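4 protein chains.
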Amino acid sequence: MLDAAVAVFSRRGFHLASMDDIAEVAGVSKPMIYAYLGSKEELFIACIRREGQRLMKVITAAVPAGLTRDERLYRGLLAFFEFVTAHRDGWIVLYRQARVHGSFAGEIAAARERVIVMVAALLARSSGDDGHARAMPIAHAVVGAAEALSDWALAHPEETPDALTTRLVALLRSG
Amino acid sequence: MLDAAVAVFSRRGFHLASMDDIAEVAGVSKPMIYAYLGSKEELFIACIRREGQRLMKVITAAVPAGLTRDERLYRGLLAFFEFVTAHRDGWIVLYRQARVHGSFAGEIAAARERVIVMVAALLARSSGDDGHARAMPIAHAVVGAAEALSDWALAHPEETPDALTTRLVALLRSG
Amino acid sequence: MLDAAVAVFSRRGFHLASMDDIAEVAGVSKPMIYAYLGSKEELFIACIRREGQRLMKVITAAVPAGLTRDERLYRGLLAFFEFVTAHRDGWIVLYRQARVHGSFAGEIAAARERVIVMVAALLARSSGDDGHARAMPIAHAVVGAAEALSDWALAHPEETPDALTTRLVALLRSG
Amino acid sequence: MLDAAVAVFSRRGFHLASMDDIAEVAGVSKPMIYAYLGSKEELFIACIRREGQRLMKVITAAVPAGLTRDERLYRGLLAFFEFVTAHRDGWIVLYRQARVHGSFAGEIAAARERVIVMVAALLARSSGDDGHARAMPIAHAVVGAAEALSDWALAHPEETPDALTTRLVALLRSG
DNA sequence: TATGAATGAGCCTTCATTCAT
DNA sequence: GATGAATGAAGGCTCATTCAT
Chain A
-8 MLDAAVAVFS RRGFHLASMD DIAEVAGVSK PMIYAYLGSK EELFIACIRR
42 EGQRLMKVIT AAVPAGLTRD ERLYRGLLAF FEFVTAHRDG WIVLYRQARV
92 HGSFAGEIAA ARERVIVMVA ALLARSSGDD GHARAMPIAH AVVGAAEALS
142 DWALAHPEET PDALTTRLVA LLRSG
Chain B
-8 MLDAAVAVFS RRGFHLASMD DIAEVAGVSK PMIYAYLGSK EELFIACIRR
42 EGQRLMKVIT AAVPAGLTRD ERLYRGLLAF FEFVTAHRDG WIVLYRQARV
92 HGSFAGEIAA ARERVIVMVA ALLARSSGDD GHARAMPIAH AVVGAAEALS
142 DWALAHPEET PDALTTRLVA LLRSG
Chain C
-8 MLDAAVAVFS RRGFHLASMD DIAEVAGVSK PMIYAYLGSK EELFIACIRR
42 EGQRLMKVIT AAVPAGLTRD ERLYRGLLAF FEFVTAHRDG WIVLYRQARV
92 HGSFAGEIAA ARERVIVMVA ALLARSSGDD GHARAMPIAH AVVGAAEALS
142 DWALAHPEET PDALTTRLVA LLRSG
Chain D
-8 MLDAAVAVFS RRGFHLASMD DIAEVAGVSK PMIYAYLGSK EELFIACIRR
42 EGQRLMKVIT AAVPAGLTRD ERLYRGLLAF FEFVTAHRDG WIVLYRQARV
92 HGSFAGEIAA ARERVIVMVA ALLARSSGDD GHARAMPIAH AVVGAAEALS
142 DWALAHPEET PDALTTRLVA LLRSG
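Protein sequences, first through last, are from chains A, B, C and D.
When we follow my numbering, the leftmost residue of the first sequence carries the number -8, and every step to the right adds one.
When we follow my numbering, the leftmost residue of the second sequence carries the number -8, and every step to the right adds one.
When we follow my numbering, the leftmost residue of the third sequence carries the number -8, and every step to the right adds one.
When we follow my numbering, the leftmost residue of the fourth sequence carries the number -8, and every step to the right adds one.
The set of hints was computed from the structure by calculation and includes no laboratory data.
Incorrect hints may appear among the rest.
Which copy is meant is left open, because identical chains are indistinguishable; a pair holds if it fits in one copy or across any two.
[Stated by the list, open to error] Using 25 Å as the maximum straight-line C-alpha spacing, the simulated SDA-like pairs for lysine to any residue come out as follows:
(1) 21 with 148
(2) 21 with 6
(3) 21 with 73
(4) 48 with 36
(5) 31 with -7
(6) 21 with 108
(7) 31 with 149
(8) 21 with 9
(9) 31 with 151
(10) 31 with 90
(11) 21 with 31
(12) 21 with 124
(13) 31 with 7
Just so it is clear, the structure is predicted and the values come from calculations on it, not from any experiment.
Turn these sequences into a full structure, and let the hints steer you where they fit.
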C-alpha cells in the first residue's frame, strides 16, 4: 500500500495524485487507506519517512568504522547513488516532490539533516564539535551536489552508481 | 502582478496557490490576471521565464570575456549567490516548484538548463562539443552544491555571498 | 448596431453571444451598446421586436384587400418565405433562438400571435367572431407548418420561396 | 435524476440550467450527477436520447403494418399528440432546446430526424428513395403543424389529443 | 460623448473525506 | 473488516456590467 503510494506520488506529484489512483494501484478500496494510513498528508509523510529511513540505513551500513576518511566518503556516496538508481520512485518523492510543499518541510528537513550530519562527520578533520560545525556548510554542498547529480542521472539511465561516484569524488578530491 | 504571482507560487507551490490568493496579493481582481497573463499555467510560465532571464542576465554580466577560468567561475558563483540571496522567491519558483510539474517541462528545461549550460561552458577544459558534454554532469553537481549552500545560508544570515562563494570555490578548486 | 446583434445572436445563440462579440462586429465599444440599447436582454428583445415588425410589415403589404382567399393565402405565404430566405439571421433569431428562453416568451408570443391572427382572418370563411375563433387552431397549424418548412429550407438553400409556397399550398389545398 | 434534468432543461434552457439546480431538483448532490451522467453536455445528450427514444417507441407502436396510409397517419399523429400532452418537458427539450446548440447537432439530427423520417415514410406515395426525398419537406411541415397545434392546445386544456388529431387530419387530408 | 480598464458574481468540475451496508 | 455510494468545499475561468478618463 505504501509502495503504491510512493509509485503514484513519484509519477504524478502530490496534488495530481488522487486517492482513487493510489487505492487502485494498491488494489484496495479508498477507505482502507484512510483506516490504515490516515489522511493524504499523513500518507505522504509516511512515504517520506520510510524512504528516508531506507536511505539512511543503506548509507550507514556502507560506512563502517575503521576506514580512512576518503574510503568512507567514497563508499557513502556509492551507497547513495546505488539507492537512487535502485529506488527511483522513492528518490523522486524524497527529492523532487517533497521539497515543493511547505507542509512537509519539517519532515523532509529532518530526513535530509540526518544525512548531512553524517556527511559532516565524515568530512570533519578534527573530531571535536568545532570541526563538525565548520564542516556543516561543506556537507550541505556535497549533499546538494550528489542530489543534483542524481537528478541529472534520472535522465541518463546508462550512468552507473560507480560512474557517478567517480565523477563526484573527482570534483571534490581537494575539498 | 507578476511579483505577486512569484511570491505566492514560491510560498504555496503551484497547486496550492489559488488565483484568488494571487489576485489579492497583487491588489487586483482575478479577471485582470486572466486578461493580462492568461491562464494559471501561462502565468506560471511567465514567472519562470522572467526569473530565468533575470538570473541569466545577472550571471552573464558577471562573467565578461578576458578573464581566467577560475576568475570567471568565482564571479559567476558570486553573482549566483547574490541573486539567490536577493530574490529568494524567484529562485524557489525556478528551482523547486518548476521541477515538479511535467506540463512545464519545456519551459523549465529551457530556463534552468541555460544556467547549467553556462556553468558547463565555464568548466569545460577543451572547448569542443565533447568537452562540453563531459562537463554537463559536473555543472549539475556544482549548481546543486551552490543551491544547497544557499539553502543552508538561509539559516545563517550572517553569511555573505562572498563567504559562500569562497567556501564553494575552496571545495571545487581541484575539479 | 442592431444588425450586428442580430447577426451574432443568430450565429451563436443568446448565451454564447458575448457583448464583446457584438460590440466588435458593430464596430463600437461595449459601453455604447449599454448606452443605446440597455442590457443584453433588452438588446435581444429589441432584435426580436424589430425582426417581428419587419416580418409583419412584409406580410401585410403582400395581402391587400380585394383578392380571393386563396390568392391572399398564397401571397401571404410567399411573402413569408421570401422574408425568411432574405433575412436568414433575423428569422433564426426569431424562430430558433428566441423561443428557447422563457424570459422572452412574452415578446415572442406577441410577435407570433400577430401573424397567426392575420392568418386566421385569411382562413375564416365567415367573417364573424365565431368563424375567426374556429379558424385559430388551423392558423396555428398553418403557421407552424410554414415555420418548420422554413427551418428545413435553411439546410436547403436551393429552395426558392416560390417552391416552398407551392409545396405548402399543395399540402393545405383542401383545408 | 434524468427526469430532473429534463424538467430543468425544459424550463430554463441549456445555459440557464445550472448543475446545482438539477442536483437540487433531483434530490442528490452534484457529484452524483457527474458520476452517473458525466458532464453537463453529456447529461443534455442523455436527455435528448431518452426522450427521442420514448417518442419513437410510442409512435412506432401506434402504426403497425397492415393499415392504410390514412389510418397510419391518423394513429401516428394521435400518438404524437398524446406524447406531447403527457410529456411536455421532454418534448420541449427535444424540439426547442435541442435545436439551438450546434454542439449537439449530431445527436439531435439523429433523434429529431428519426421522427420526421418516419412521417415522410408514411407520406411517400412511391416507396423508392425518390418518393421519400420528395416527402421530407412535407414531413417537416406536418410535424411543424402538429407542434404548433400542440402549443395552441396548451392554452386550451379542453382539447383532447383526439380532437387535435382530427383537426390536423382534416387540414391535411388532400396532401 | 466614447472608451479602456476593472470587477462581482456565478458556473462547471473535481476530490479528499466519510457513512451505511 | 471492507466497500460502494455520497457530499462539502473549493478552484479555475468567464462575462455582463460599470466607472474614471
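Now for the hints, and whether the structure bears them out:
no., hint, in the structure
1, 21 with 148, "neither (34 Å within a copy, 44 Å between copies)"
2, 21 with 6, "both (17 Å within a copy, 22 Å between copies)"
3, 21 with 73, "neither (33 Å within a copy, 48 Å between copies)"
4, 48 with 36, "within (18 Å within a copy, 38 Å between copies)"
5, 31 with -7, "within (12 Å within a copy, 31 Å between copies)"
6, 21 with 108, "neither (37 Å within a copy, 45 Å between copies)"
7, 31 with 149, "neither (35 Å within a copy, 36 Å between copies)"
8, 21 with 9, "both (10 Å within a copy, 19 Å between copies)"
9, 31 with 151, "neither (34 Å within a copy, 39 Å between copies)"
10, 31 with 90, "both (16 Å within a copy, 21 Å between copies)"
11, 21 with 31, "both (11 Å within a copy, 23 Å between copies)"
12, 21 with 124, "neither (45 Å within a copy, 47 Å between copies)"
13, 31 with 7, "both (12 Å within a copy, 14 Å between copies)"
Violated hints for the displayed structure, listed by number in ascending order: 1, 3, 6, 7, 9, 12.
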